[in-house]
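**Student:** When you get a sec, could you build the whole thing from the sequences and use the hints?
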Amino acid sequence: MPLDYPIDRRTLSNGLRVVVSPDHTVPNVTVNLWVGVGSRHETVGRTGFAHLFEHLMFQGSRNVRSGEHFEALMAQGGRLNATTWFDRTNYFETVPTGAVELALWLEADRHGNLLDAVTQENLDNQRDVVKEEKRQRYDNQPYGNALIDVYAAIFPQGHPYHHPTIGSMEDLDAASLDDVHAFFRAHYGPDNTVLTLCGDLTAEQGFELVERYFGDLPSAAVPRRPDLAQLAPMEAPVRVERREAVPNDRLHVAFRLPVDETDEFLAAAVALDCIGGLATSRLVRRLVRRDQTALGAHATAWGFVDGASLGFVVLDVAPGTDPALVEATFVEELTGFLEHGPTDVELEASLAQSERSWLSALASQEERADLISHHLLLHDDPGVVNTHLDRLRDVTAQQVLDAARRWLRPDSRATVAYLTADDATDAGPATTEDVA
Amino acid sequence: MSAPRPDVAPPQPWTFPAPVEHLLGNGLRVLAHDLPGQYVLSLRVVVPTVLSDEPSGKEGVGAMTARMLDEGTAAHGSDEFAELMERHGMVLGAGVSDGGLLVDVDVPQRHLGTAAELLAEALAHPVFPDDEVRRILRNRLAEIEQERASSAHRAARELARTMWSATDRASRPTAGTSESIGRLTREDLVEFHATAVGPQGATVVVAGDLTGVDVVGVLEQTLGNWSAPRHRPPSRPVAPVPAPDAARVVVVDRPGSVQTEIAVGRPGPDRSTPEGWAPHPVLSFVLGGSPSARIDAVLREEKGYTYGIRSAFRPRVAGGSFVTSGSVRSEVTGEAVEILLGILDRAREGFTDAEVRSGVDYVGKTAPGRYATADAVADETAALALEGLPLDFTTRNLRAVAALGRDDLDRAYRRVATGEWSVVLVGDASTVVPALEGRVEGPVSTVAR
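Which chain is which? The protein sequence lines are A and B, in order.
Going by our numbering, the first sequence opens with residue 1, and the numbers climb by one from there.
Going by our numbering, the second sequence opens with residue 1001, and the numbers climb by one from there.
Calculated directly from the structure, the hints in this document are not laboratory data.
Please note: incorrect hints may appear among the correct ones.
To be verified - Computed footprint of chain A on chain B, listed as stretches where at least three residues anywhere in the stretch have a Cβ under 8 Å from a Cβ of chain A:
id : stretch
1  : 1087-1101
2  : 1280-1293
3  : 1326-1336
4  : 1361-1373
Just so you know, even glycine gets a beta-carbon here, dropped at the ideal spot from N, CA and C.
**Tutor:** Following this line, the structure appears as structure tokens:
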């Protein structure tokens, strides 16, 4: 079934790239902005700053008081948030059609005039909030820092993806008001931003409104450095071991991959699907169902643009099983895949699952707008929403085999092992001990 | 010069989509939503069951039966079944809630026929292979350990144990404990399936783009053949019985924690409450639904103690709860708990007109967007079927929300918030317990993780 979501695009004179994608099935409009700055642009000693900065975007701007962005939009039936990732920062809200102008006005005020309102008090408060976010999502979770270890093990020191988006406590502590001003001037501006409107309006209405609210913003961002050259696969395996109070041993096996939106990345992602991403993947059949030495096996491919992408497999080791045995079996299955490549059934299953998840993502106006902004900002091709599945259909077994042989060799892996602490005592079922 | 702040045009009235209803020959009710442009269809099968019907000591038998439905059928082995689903872009999840066994399927429209056939097989003819049963039970035991290691899961489990009477099924995990799972056999699952899972009284919801699809024809030929001769209707669901000593503080010791997970609960209503459901989602929003809500305005935006704390009314098929939960850094636990309980208690003094307006507008005006996709519409209609609510409930409730005033919110909150909170804190007891002194009322007890 060919997809035909409408994609109308224009670029304002200040460099803002705009897509309008009309969809009148729901009386809502999604406003979605992607700014071309993420943790990959952070400097030594200031990790986590892009994300901390994102929080400050909700604390007021020239004509908007602190917290008003959330309050004003929610009171009109808006659902909104923002996220920061390696390659970019996004800001988005879905509002009833009648509130789209308010949403654009609020966005333009903070994307154009944030610095008028930034204060030391707001910075200190949101620094604390972000540190609690880090504790909640990473430090206080079993295995919570495993992916941070993966980034550090698979990408070399100084590489944009070597450190996590959440940053370190020390660097968050070091962030100053001067950093906020410098960061805004370096990265925020219409010429480093894209804006998608998806929903209940026409293309002409959409362009007119964006021109009205964003047309006066001056081009501002510092010219972007070119993306780094492709990083080659690792030459020799790397291993990181942590002993912690985790419920069972868990292995994270990572690989460098080609950059996103290349044929080779798509092929490598299909290979990872067949190896560990599908419910009927080789690792699930072997480790989870047949040998029962693993509780679960999951593979993921994350596409990035700056010289590398990331693929990883998570293996939950069954209690009582030697993790070395699980890793050895993993290598055996991987080696088998590198000999013959995927079967027709595996390719069919991978394509069918990708099709459902892609169509499910596009089913929601919010996610569709986000995918359009993504491909507009990072690949200058918002039409990917309509063409992605056709590209996947064209991936051949030979391409998958070739990509796997280049990128997924056992020698190119980094293994991060989280092992149950030797001295961990089993507390047994909860019982009342004392009453204070 | 930038453009002036624009005005907002009010939204048009909106209604939740009405499904078309059919009854299949075997008694299974079909509710179909045609949603053009939603290319992935969402199917939801709701079989009323009642958790407290599980045999004593075998808690979790329902959840384990649900997890076994797609692990091998009379026609297909476990691997073969998984491969068939996967090649047709289908994904299936099954579990139980307090009031039913639920099977969810998402599938691209052109594979509806295959999906309905596999779904019917899973419901009518699962064969519970020995080896797969052992694996599913073993995985549940490992999952229990993983939940025990997670502060949020551990807090939720302890809150249920604290709020509800020890004799009530609601006080124990839906998917069973390590003791009860350890006692389960293949025969228990086979028996549960034969007696508790059948088409009588059950509903299947289909939502998505149904252009050119003969839904009733497809379902009649698949799920319409489902029969369960030994199936017995479940008991009438009743609200859980609160524990006599529910108003207390329990600290779950998790040494070395850098945060304390807080969970505060009280029994609350279900969505068929004669007092009206409408005020409850509004209360959730005003107290703990945004960074400007009463709790986060202080604990996040003023103090910076938390990434965010949420309040929510959680309706069950019968009864429910009002739970406020989130985490704060360990050092401020005592002060944060005192502030949080103070906010929850002081809210009994009443809400402001501005708060009522903001909550009413948020809940009402977000509805078209919250129910814009096939899966969201299917989930809501399945919930209505499970809870025995009329199909126009969602729309009527939104009208009632729009008409709410301060008195409605105040009355609804005072019915629930009597000041007798069950408080669970998962954190490092060596620092948490001393920090509570003079800050909380009632007994404080400590349990091991």
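**Student:** Are the hints correct? Go through all of them and say.
**Tutor:** Quick rundown of the hints versus the structure:
Counting residues of the stretch 1087-1101 of chain B whose CB lies closer than 8 Å to any CB of chain A gives 5, so the stated coverage by that chain holds, three being the minimum. A stretch counts as covered by a chain when three or more of its residues have a beta carbon under 8 Å from one of that chain; for the stretch 1280-1293 of chain B and chain A the count is 3, and the coverage holds. Only when three residues or more bring their CB closer than 8 Å to a CB of chain A does the claim for the stretch 1326-1336 of chain B stand; here the count is 3, and the claim holds. A count of 11 residues in the stretch 1361-1373 of chain B with a Cβ less than 8 Å from any Cβ of chain A is obtained; the coverage claim is therefore met, three being the minimum.
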